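Participant: Sequence:
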Amino acid sequence: MLKQLIEDRIVTLHCIETPFQQQVYKMHNCIKVLGIDAKSLIIENEEIVTGYIVDKSIFFKSLQFGQTNIICTDGVNKAIVQLFVRPSGEIVVEVEPYIGNAEIVLVYYRTILADTAIAIDLKGALKYYLVAHQMMNAEDSIVEVHYQSMHPNVLKDSHAGNFILGCHADGSEISKAEEYALANRLATLKFSKIVIQQQGVKKIIALKMLLTFMVTNHVFVSSEEISDRLSEIKIKRERYHLVPV
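Numbering-wise, the sequence shown is residues 898 to 1142 according to our numbering.
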């Protein structure tokens, strides 16, 4: 509680010279972003933000500084939008999509610099997926990744063939030493191509598909643990199911 109050105070001090102005944030209402086509919204704190759906878009308008959750539902399944309004009125959102039957790629942490730091192993996670689907061999290496992120607050679009980290939930930048802030977060990536190196020769995998990356809080993992974690995800999917009234 004290930590949250201090963090809120720091954010407020950064924006103290910027008067609050109501701003409107537009978000795509589609399966690529939410995992569903939302029909209705449930806003937990309507004093923070108001929202409405128009065609294939969802609009949020900031009312005051703070944060709240919004449930987006199609009447059966739901996605969660975590929304943060800065003191300036700027809106930052992070989506926890309904994962349904999405392809899940689990991302684990690995230690670096003699156990003095940790990093999320995005290339390792992608390689595990590609090897499991016989798109590359275990001895091959990934050289480049090219994708568009549906959830840029978690993972941004690729740049120069590399994975790019996103932000904290309030939109502030994540440093290399703060990668743990991505734990238990989801990002759907739309890949256009992946370049691998096979026996010294570069080859292109034209992987034009959506993959949902789930960052776990595990540091070391075996093949058996990956299978166990996938089973946990299936159970979690059932919890997202809403019973129609």
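Don't take each hint at face value.
[As the list claims (entries may be wrong)] Subject to a maximum C-alpha distance of 30 Å in a straight line, what follows is the list of computed DSS-like cross-link-like pairs (lysine-lysine):
#, residue 1, residue 2
1, K936, K1087
2, K1099, K1053
3, K1024, K958
4, K1073, K1099
These are computed hints drawn from the structure, not numbers from a lab.
Computed from a predicted model, the values in this text were never measured in an experiment.
Participant: Run every hint past the structure and note whether it holds.
Facilitator: The hints, checked one at a time:
no.: 1; hint: K936 x K1087; in the structure: 24 Å, holds
no.: 2; hint: K1099 x K1053; in the structure: 25 Å, holds
no.: 3; hint: K1024 x K958; in the structure: 41 Å, violated
no.: 4; hint: K1073 x K1099; in the structure: 28 Å, holds
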